[in-house]
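S.K.: So you can see what is in the structure, the chains are spelled out below.
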Amino acid sequence: MIPFMIDGQPVEGKEGGNVLEVALDAGIEIPHLCYNESVRPYGACRLCLVEVSRRGRTRLTTACTYPVLEGIEVYTQTEKVLRARRMIIELILAMCPGDQLIQDMAREMGVHAVRFKQEDKDCILCGLCSRICEEVVGAHAIQFAFRGDRREMIPPFLGEAMNCIACGACVVACPVDVIKMKEEGDERTIVRWKRTLKMKQCKVCGNYFAPWFQLEKFRDQAKLQKDFFDVCYTCRT
Amino acid sequence: MTQTEVDGIVKQYGAKESAILAVLQDIQSKEKYLPKETLEYVSQRMGIPMATIFRIATFYNALSIKPRGRHKIDVCMGTACHVRGGTKILDKLERDLGISVGETTKDKRFTLESVRCVGCCSLGPVAVVDGEVFGRLTQDKMPSILKEFK
Ligand code: SF4
Ligand code: FES
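Line by line, the protein sequences give chains H and L. At position 212 of the first sequence (counting the first as 1) the number is 212 in this note's numbering, and the numbers step up by one without a gap. Here this note's numbering runs 1000 ahead of the position in the second sequence, where the first position is 1.
These aren't lab readings, by the way, just hints derived from the structure by calculation. Just so you know, these numbers come straight off a predicted model, no measurement behind them. Certain hints may be false.
[Said to hold, decoys possible] Mimicking BS3-like on lysine-lysine, the simulated pairs with C-alpha atoms at most 30 Å apart in a straight line are:
1. H:K217 / L:K1016
2. H:K182 / L:K1036
3. L:K1092 / L:K1108
4. L:K1088 / H:K117
5. L:K1036 / H:K194
[What the hints assert, rightly or not] Quick look at which bits of chain L chain H covers, simulated, 3 or more residues with Cβ under 8 Å:
6. 1043 to 1051
7. 1054 to 1065
[What the hints assert, rightly or not] Each pair of labels, with its calculated beta carbon distance range:
8. H:P31 / L:T1002: 52 to 62 Å
9. L:L1021 / H:P31: 51 to 61 Å
10. L:A1062 / H:R57: 38 to 48 Å
11. H:L101 / L:L1021: 50 to 60 Å
12. H:L82 / L:G1102: 38 to 48 Å
13. L:G1014 / H:D104: 43 to 53 Å
14. H:E152 / L:V1083: 30 to 40 Å
15. L:T1079 / H:E152: 38 to 48 Å
16. L:E1037 / H:R57: 52 to 62 Å
17. L:T1079 / H:F218: 51 to 61 Å
18. H:L158 / L:K1108: 16 to 26 Å
Note that beta-carbon positions come from the ideal geometry of N, C-alpha and C, so glycine has one too.
Chain L extracted, bound-state conformation (with noise of 0.2 Å):
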């Protein structure tokens, strides 16, 4: 992320240190994770400590240091999910994909994240990829499933 466009977004909050969550969520949309030359240079901007900073960025499960893959798929794990065989689709996502949990496949293509229950269960076992959801989910669906995220 260039520097003018961290400069637009910090004064669209304000260089205040109550503006730091929203600039970092910004930065976080924009680039799906926070590099490290980009925060160095909003700690310089607003004046805020990059220990400050850093806290702040690895507190909130939304907010990652680590590069993101292009699309974030959510396997859920809550109760329901669970006895209905969430772990089922998680460990075929997993074997396909080549990563686990949290991790980011090399190609940048897909991040693996498993969440506690998105709150439609009687769909379960259910995934999220990029905020859509699927429900009632086989290990033979997923192939077909992530086709449609390039």
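Same shape as in the complex, but just chain H (with noise of 0.2 Å):
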């Protein structure tokens, strides 16, 4: 373990952690959007901002993506650091006006009123959605298009996500809930990623348990028999 300073308390890190980890689980708060502990740190959102002092230099980075260091001092709640964070909400929240999570972000950090043009987009660019398809999943179904300004989370030509499999994992982990899920009948349906799957009948309780694509394909992938998922989980517990 690596022992280093928070706020001037001795914490300790694991080698290859991230400073944020470490505070969350030492039960320091920094706000945070695109970090999601399954999923490699990307720093997109920038709001984990926090001071290092190491070597005697002291820099405003974010805890998400700096490394464990033995012997540096984090401070999380500077006058430099609140005003950053604020900055930040203040634009996350002119980008977003209509997402709740971010509005009562910006209050708690004292925003009370955006300065910027307001855009009317739902979607803050964590990549969180990208990140846990690819990385946790592994249906590769999204990912971002387009750059700077225009950039986006669309399905490939805006069409339907062929490559989804209606888990549902990124429904889970957005963190300001914009994509949604739909179950009617035999159906399920990923609304942002226009994707609808017909859903598979249990033999025994007659639910409709999961998508058919995803089964044949975990089917496939573990190389298990034709009437492996005739059964769903529960029953076949």
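Taking the hints as your guide, dock the two standalone chains into a single complex.
M.R.: Right, dumping it as structure tokens:
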């Protein structure tokens, strides 16, 4: 374990870890949007800014991408940090004025008015959905498209995300809850990715328990026998 | 573009992930854009997810997912050309061709783009058509220049 300080409090992090995870573990709150412990840090939202002192030099940096190093001093509440954070949440709020979570965070940080041109987007471009889909699910269904201020998270050619197995992982991961999943009859839809898949019915209980496409993919990957998924997870155990 | 043509391009660079940009560039220069069906075949042939290919295809300015014209006009909007009347040249072209910047004429003859400095400010205002530089432009000069590109 590597010892260092956060806000004057001694903490320890593991080799290869980052400052944000150590802080959160120690109960020190640092606001963050694009960090999720099941995927690699990405540094997109810039909200987790802190000041780090190392060998007598101090700089503003994102805690989620800053590695745990022996002897560093991290400050999460300096005037500089708070000012930078307020600016960032104000910018995100200007881009996505309708997101409940962003409104709440802004209010908590003392941002009550937006001085910038407002847009009507809902996606904060944290990239979590696509990173989860890639690193955890392995489906590679969605990715960022375009660049700069036109950057968007959309399915290829704005059509249906054909690699999506409708697992719903991105629905859960999205911090601002703008990816919706719908289940109607024997169909499940991930609305934002325009993906609708037929569900398979369990031979025992009759519930629609998972999309065909997903089960077939798992069956092929794990080389299971043909009738393996005839019975749902609950009825099997 | 036929699948055999794509196969040829892929073979040249190898069906590995790092080759994707080179493959896309070759398709772009042949087709003047990246057709959806072609990208779908590339995705399947190289084993690279469509989402990844779409991300790359929309990231670089040199690649386009929309059909482009046979000739590309880049009007310089760098500082020097701008103050020397680059906007007037662009206005004239937009009016004559009936399109705005970034668009392609219906007959697929021209695609109009603006760029930030092509590096010969003393010739401003400048436009580049298919790589050929035209300097000291005036609105009156434009029709005769375009006539050379069928
Ligand atoms: S629902 Fe689709 S896009 Fe979302 S994580 Fe699952 S496979 Fe990926
Ligand atoms: S959580 Fe660190 S930049 Fe988003």
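S.K.: Each hint: holds or not?
M.R.: Hint check:
Distance restraint check for K217 (chain H) and K1016 (chain L): the Cα-Cα separation of roughly 23 Å lies within the 30 Å cut-off, and the hinted pair is therefore satisfied. Using a Cα cut-off of 30 Å, the hinted pair K182 (chain H) and K1036 (chain L) holds, with the two alpha carbons roughly 28 Å apart. Distance hint between K1092 (chain L) and K1108 (chain L) is fulfilled; the C-alpha atoms sit about 19 Å from each other, no more than 30 Å. With a C-alpha separation of about 29 Å, the suggested pair K1088 (chain L) and K117 (chain H) falls inside the 30 Å cut-off, and the hint holds.
In summary, the hint linking K1036 (chain L) to K194 (chain H) is supported, as the alpha carbons are separated by about 17 Å, within the 30 Å threshold. Residue count for the region 1043 to 1051 of chain L with a Cβ under 8 Å from a Cβ of chain H: 3. That meets the three needed, and the coverage hint holds. Here the region 1054 to 1065 of chain L counts 5 residues with a CB under 8 Å from a CB of chain H, which clears the bar of 3, and the coverage holds. For the pair P31 (chain H) and T1002 (chain L), the beta carbons lie near 53 Å from each other, so the given range of 52 to 62 Å is met.
Between L1021 (chain L) and P31 (chain H) the Cβ separation comes to about 37 Å, which falls outside the hinted range of 51 to 61 Å. Against the hinted window of 38 to 48 Å, the Cβ-Cβ separation of A1062 (chain L) and R57 (chain H) comes to about 40 Å, which satisfies the hint. At roughly 37 Å, the beta carbons of L101 (chain H) and L1021 (chain L) sit outside the given window of 50 to 60 Å. Hint check: L82 (chain H) to G1102 (chain L), Cβ distance near 41 Å, so the stated range 38 to 48 Å holds.
Between G1014 (chain L) and D104 (chain H), the C-beta spacing of about 50 Å keeps the proposed range 43 to 53 Å intact. At about 34 Å, the beta-carbon gap between E152 (chain H) and V1083 (chain L) stays in the expected band of 30 to 40 Å. A hinted range of 38 to 48 Å is violated for the C-beta pair T1079 (chain L) and E152 (chain H), which are about 30 Å apart. Distance hint check for E1037 (chain L) and R57 (chain H): the Cβ-Cβ separation is about 54 Å, which falls inside the suggested range of 52 to 62 Å.
A hinted range of 51 to 61 Å for the beta carbons of T1079 (chain L) and F218 (chain H) is consistent with their spacing of about 58 Å. At roughly 23 Å, the beta-carbon separation of L158 (chain H) and K1108 (chain L) lies within the given 16 to 26 Å, and the hint holds.
Of the numbered hints stated above, those contradicted by the structure are hints 9, 11 and 15, listed in ascending order.
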